[in-house]
Amino acid sequence: MSKQTKAIPKFTSEAQERAYWEKHDSSDHLDWSKAAKVTLPNLKPTTKTISLRLPQHLLDSIKVAANARDVPYQSLIKVWLQEKLRAH
Numbered sequence: 013m014s015k016q017t018k019a020i021p022k023f024t025s026e027a028q029e030r031a032y033w034e035k036h037d038s039s040d041h042l043d044w045s046k047a048a049k050v051t052l053p054n055l056k057p058t059t060k061t062i063s064l065r066l067p068q069h070l071l072d073s074i075k076v077a078a079n080a081r082d083v084p085y086q087s088l089i090k091v092w093l094q095e096k097l098r099a100h
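Add 12 to the 1-based position in the sequence shown for the numbering used here, that's all there is to it.
Hints should not be assumed to be uniformly reliable.
Unchecked claim - Per label pair, the in silico range of CB-to-CB distance: (1) Ala77 <-> Glu34: 44 to 54 angstroms; (2) Trp92 <-> His41: 37 to 47 angstroms; (3) Ser45 <-> Asp72: 19 to 29 angstroms; (4) Thr51 <-> Arg30: 25 to 35 angstroms; (5) Trp92 <-> Glu29: 15 to 25 angstroms; (6) Ala48 <-> Ala80: 13 to 23 angstroms; (7) Leu52 <-> Phe23: 20 to 30 angstroms; (8) Lys90 <-> Pro53: 19 to 29 angstroms; (9) Gln86 <-> Lys22: 17 to 27 angstroms; (10) Leu52 <-> Ile74: 30 to 40 angstroms; (11) Ile74 <-> Trp33: 40 to 50 angstroms; (12) Gln16 <-> Leu52: 51 to 61 angstroms.
Calculated directly from the structure, the hints in this document are not laboratory data. For glycine and all other residues, C-beta sits at the position ideal for the given N, C-alpha and C.
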């Protein structure tokens, strides 16, 4: 069953729209039960450079494991982190 939704107001600026959505729930204006899943195949995820300090022996072990798999060690670290997150 669809619920009655409110009309989205007209905004004169992006700042006004931002202020409005900070205080209002979009579910009052949209029926999310009718939402369709969208895939964006050409969208590249943004990355952020971080600094991660590791003991030298740990980094050496990671590099050996990456070399055995013929992948860059940074890529192997990302794969391992992603696998660990999926496990939880």
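Evaluation of the provided hints:
1. Checked against the given bound of 44 to 54 angstroms, the beta carbons of alanine 77 and glutamate 34, roughly 46 angstroms apart, stay inside it.
2. The given range of 37 to 47 angstroms is respected by tryptophan 92 and histidine 41, whose C-beta atoms sit roughly 42 angstroms from each other.
3. Between serine 45 and aspartate 72 the C-beta distance comes to about 53 angstroms, which lies outside the given range of 19 to 29 angstroms.
4. Judged by the Cβ atoms, the range 25 to 35 angstroms given for threonine 51 and arginine 30 holds: they are separated by roughly 27 angstroms.
5. One distance hint, 15 to 25 angstroms for the beta-carbon pair tryptophan 92 and glutamate 29, is violated here, with the actual separation near 41 angstroms.
6. Distance hint check: the CB atoms of alanine 48 and alanine 80 are about 43 angstroms apart, inconsistent with the given range 13 to 23 angstroms.
7. Taking 20 to 30 angstroms as the suggested C-beta distance range, the pair leucine 52 and phenylalanine 23 conforms, at roughly 25 angstroms.
8. Taking the beta carbon of each, lysine 90 and proline 53 are about 20 angstroms apart, inside 19 to 29 angstroms as hinted.
9. For glutamine 86 paired with lysine 22, a C-beta distance near 47 angstroms fails the hint of 17 to 27 angstroms.
10. Take leucine 52 and isoleucine 74: their Cβ atoms lie about 32 angstroms apart, and the range 30 to 40 angstroms holds.
11. In this structure the supplied range 40 to 50 angstroms holds for isoleucine 74 paired with tryptophan 33, their Cβ-Cβ distance being about 43 angstroms.
12. The hinted range of 51 to 61 angstroms is not satisfied by glutamine 16 and leucine 52, whose Cβ atoms lie roughly 31 angstroms apart.
Taken one by one, the earlier hints fail for this structure at numbers 3, 5, 6, 9 and 12, listed in ascending order.
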